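Number of protein chains: 2
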Amino acid sequence: MTTAPTLEDVARAAGVSTATVSRCLNMPDRVVEKTRARVMKAVSDLNYTPNFGARVMAAKRTQTIGAIIPTMENAIFARGIQAFQETLHAKGYTLLVASSAYDPALEEQEIKALVARGADGLLLIGQDRDGSVYDYLARQQVPTLLAWTHGADAPCPTAGFDNRAAMRGLAEVVLGKGHRRLGMISAPTATNDRARQRVAGVRDAMAAAGLDANALALVHAPYDIDSASTAFEGLMGQSPRPTVVLCGNDVQAAGAIHQARKMSLAVPEDVSITGFDDMDIAPVLSPPLTTVAVPHRAMGQRAARTLVAMVEGEDMQPDAPLATQVILRASLKALPQAD
Amino acid sequence: MTTAPTLEDVARAAGVSTATVSRCLNMPDRVVEKTRARVMKAVSDLNYTPNFGARVMAAKRTQTIGAIIPTMENAIFARGIQAFQETLHAKGYTLLVASSAYDPALEEQEIKALVARGADGLLLIGQDRDGSVYDYLARQQVPTLLAWTHGADAPCPTAGFDNRAAMRGLAEVVLGKGHRRLGMISAPTATNDRARQRVAGVRDAMAAAGLDANALALVHAPYDIDSASTAFEGLMGQSPRPTVVLCGNDVQAAGAIHQARKMSLAVPEDVSITGFDDMDIAPVLSPPLTTVAVPHRAMGQRAARTLVAMVEGEDMQPDAPLATQVILRASLKALPQAD
DNA sequence: ATTGGGTATGCAAGCGCTTACATTGTCCAT
DNA sequence: ATGGACAATGTAAGCGCTTGCATACCCAAT
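Residue numbers (this note's numbering), protein chains in the order written: chain A, 3 to 341; chain B, 3 to 341.
Read the hints as simulated data drawn from the structure, not as lab findings. Note that the structure is a prediction, hence the values are computed from the model and not measured. A couple of the hints might just be wrong.
A pair holds if it fits inside one copy or across any two, identical chains being indistinguishable in the list.
Computed cross-link-like contacts, DSBU-like style, restricted to lysine-lysine with a CA-CA straight-line distance of at most 35 angstroms [said to hold, decoys possible]:
#1 K335 - K36
#2 K335 - K114
#3 K36 - K114
#4 K114 - K93
#5 K93 - K62
#6 K114 - K62
#7 K93 - K43
#8 K43 - K62
#9 K62 - K179
#10 K335 - K264
#11 K43 - K114
#12 K114 - K264
#13 K179 - K264
#14 K264 - K62
#15 K62 - K335
#16 K179 - K335
#17 K264 - K93
#18 K36 - K93
#19 K43 - K179
#20 K264 - K43
#21 K264 - K36
Use the sequences and the hints to build the structure in full.
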């Protein structure tokens with residue numbers, strides 16, 4: 003056979019109609035045991051795989067969920083997506099992942115590609131995107147869930163945590179340790195609401211502590227080790243120098259620690275450093291990293307459950323945000339009392 | 003409008019036939035300017051997106067490439083896949099990624115899902131899988147490329163490097179530093195030819211140096227930090243204790259270093275540790291990690307070019323394996339000469 | 001034996017798109 | 001004027017599958 007077998011080939015081989023074969027595959031209990039056995043044998047003899055395009059076109063459901071994550075370059079989204087996939091799989095859905103490299107235009111293309119491909123639902127990260135994208139999604143009636151963020155006022159249902167409150171919690175701990183000159187390395191905030199919220203969280207804490215929120219020494223850098231190193235170097239060049247640098251993410255914190263070592267600055271003696279995410283590497287860095295633990299797996303699972311419910315037409319009442327937790331490790335130290 | 007517009011809706015709105023609309027979209031120069039403008043206006047007025055299933059079914063090409071990677075949990079495959087995607091994108095293809103969690107059965111399901119979805123080509127990692135899988139792929143006539151591995155005798159074309167030679171190169175350096183009692187932490191080798199090859203590479207070097215290859219203290223652990231920590235602890239419990247532990251991967255090396263610190267073993271004074279991959283974290287660990295640099299991006303790009311060529315029916319002569327490079331950093335030290 | 005009520009199966013109409021082929025229209029050479 | 005060549009567009013036949021409806025069949029009850 004030079005071309006892939008079709009339903010009809012199977013039907014012929016089993017001596018039944020295409021309808022029966024289709025039913026065997028999709029609603030096995032509507033076909034009597036004996037026939038089904040014969041059909042299944044033909045299926046495996048011919049090594050038949052249904053043609054997806056045809057199936058979609060006829061049935062209008064794909065049992066496929068699409069997800070677009072900003073990056074696969076580091077593990078930020080990996081754990082959550084893995085859990086998301088596992089849960090989807092258990093529910094009979096297949097996950098297709100694309101990565102946008104933090105580029106809104108690319109993301110938009112990928113959204114269209116996934117929708118065109120018949121994704122029954124979409125998972126996107128964060129809520130910063132052009133209104134036209136949400137219009138398009140609404141128009142195409144594709145249930146969409148936003149993860150890694152939380153908000154009742156978001157343009158779609160969300161499954162995530164409150165980035166602002168989470169970072170504020172960490173900043174409060176930092177301030178509680180006596181730090182007053184705060185530095186921060188954040189991802190570019192233009193199209194990244196999570197990053198923006200984290201910055202806002204730090205400022206919230208500063209304001210609440212009676213500090214000038216604008217005094218935050220803020221530097222932007224992409225989520226990679228080298229950029230963060232450079233950013234850290236810049237921060238350390240300022241005077242007075244910050245006593246602590248809060249990083250928007252553990253990867254950046256790793257870069258900061260790395261750079262500190264290069265500059266012969268002891269962490270935390272000369273400068274404290276914190277991260278965000280509590281990735282695998284956080285406890286392994288030296289010094290081990292103070293960070294914010296994000297419930298990645300729980301978020302992925304919840305996202306899967308919610309999105310499937312949306313796809314299957316159930317009403318979902320909005321979820322509360324997931325809780326995050328400050329993890330204290332050696333990279334943050336208390337400042338000696340000055341007053 | 004309650005349902006997505008179809009080609010026919012557009013045709014009606016523009017006052018032309020569906021064929022003309024289709025041509026506007028797929029071969030614009032076969033339609034005269036004036037008509038095309040009218041059609042395009044209708045398209046954007048209606049916010050029309052072609053139905054992928056229908057298009058696939060009629061045209062039999064999807065411009066989609068599928069990739070299945072063993073894990074997204076850590077960044078092992080991330081850089082390569084990212085480059086793969088970028089190159090595909092430049093060539094007008096969309097990449098769909100699935101993760102098999104190192105489970106052959108899951109991988110098989112995902113292969114079928116991707117094929118059924120009309121992937122024009124497939125990228126798989128390594129070559130260890132049931133013959134029936136390759137039969138299926140041949141049957142379905144889906145061009146398939148194996149990455150992260152190299153071999154003229156592989157069941158499909160490959161785009162990668164020689165794991166065995168790469169690890170042998172590192173082991174030779176290690177032996178050259180005077181180490182004689184070697185420990186190794188490898189991923190489970192049952193369905194992972196890359197891991198198996200790396201072990202073989204170490205044994206090759208040992209044998210070539212006149213050592214007993216069976217004297218290698220080998221422990222298996224999945225690619226995560228905690229498992230590697232445990233594995234390292236086991237290795238250190240043996241006596242005589244290895245003077246160096248070669249890890250199948252940088253993540254495992256991170257776990258090993260972490261565990262060494264916990265056990266108050268100084269690296270590299272008490273024990274040397276090496277990794278594989280030269281991930282971002284390798285230079286950031288303390289001590290910085292001696293490892294093998296793998297040309298991830300080059301591999302991803304080559305894979306994309308080769309696979310697209312295969313999909314488009316060009317003949318490809320087999321490529322040479324990509325070169326790897328031993329990166330010496332502080333985690334490996336020379337042993338004092340004993341003789 | 002008949003009849004009625006289920007069940008198991010077959011029939012055939014699409015699903016939205018592409019594309020080979022047919023048709024219509026245009027323009028130029030004769 | 002007329003025919004021919006070519007360009008622009010339309011017509012309609014699938015692509016492989018699902019599913020509402022029709023048919024065939026089986027068994028129990030009469």
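Each hint, compared with the structure:
1. K335 - K36: neither (72 angstroms within a copy, 69 angstroms between copies)
2. K335 - K114: Neither: 48 angstroms inside a copy, 53 angstroms across copies.
3. K36 - K114: between (44 angstroms within a copy, 26 angstroms between copies)
4. K114 - K93: This pair counts as both: shortest intra-copy Cα distance 24 angstroms, inter-copy 18 angstroms.
5. K93 - K62: both (18 angstroms within a copy, 29 angstroms between copies)
6. K114 - K62: both (17 angstroms within a copy, 20 angstroms between copies)
7. K93 - K43: within (26 angstroms within a copy, 41 angstroms between copies)
8. K43 - K62: both (27 angstroms within a copy, 27 angstroms between copies)
9. K62 - K179: Close neither inside one copy (58 angstroms) nor across copies (64 angstroms); limit 35 angstroms.
10. K335 - K264: both (20 angstroms within a copy, 20 angstroms between copies)
11. K43 - K114: The answer is between: 18 angstroms across copies meets 35 angstroms, while 39 angstroms in one copy does not.
12. K114 - K264: Cα proximity of K114 and K264: none, with 45 angstroms in one copy and 49 angstroms across.
13. K179 - K264: both (26 angstroms within a copy, 26 angstroms between copies)
14. K264 - K62: This pair counts as neither: shortest intra-copy Cα distance 58 angstroms, inter-copy 56 angstroms.
15. K62 - K335: neither (58 angstroms within a copy, 62 angstroms between copies)
16. K179 - K335: within (7 angstroms within a copy, 39 angstroms between copies)
17. K264 - K93: Result: close neither inside a copy nor across copies, 49 angstroms intra and 41 angstroms inter.
18. K36 - K93: Classified as within: same-chain Cα gap 28 angstroms, cross-chain 49 angstroms, threshold 35 angstroms.
19. K43 - K179: Neither. Shortest intra-copy (70 angstroms) and inter-copy (60 angstroms) distances fail the 35 angstroms Cα cut-off.
20. K264 - K43: Close neither inside one copy (66 angstroms) nor across copies (57 angstroms); limit 35 angstroms.
21. K264 - K36: neither (73 angstroms within a copy, 63 angstroms between copies)
Consistency note: the structure conflicts with the earlier hints numbered 1, 2, 9, 12, 14, 15, 17, 19, 20 and 21.
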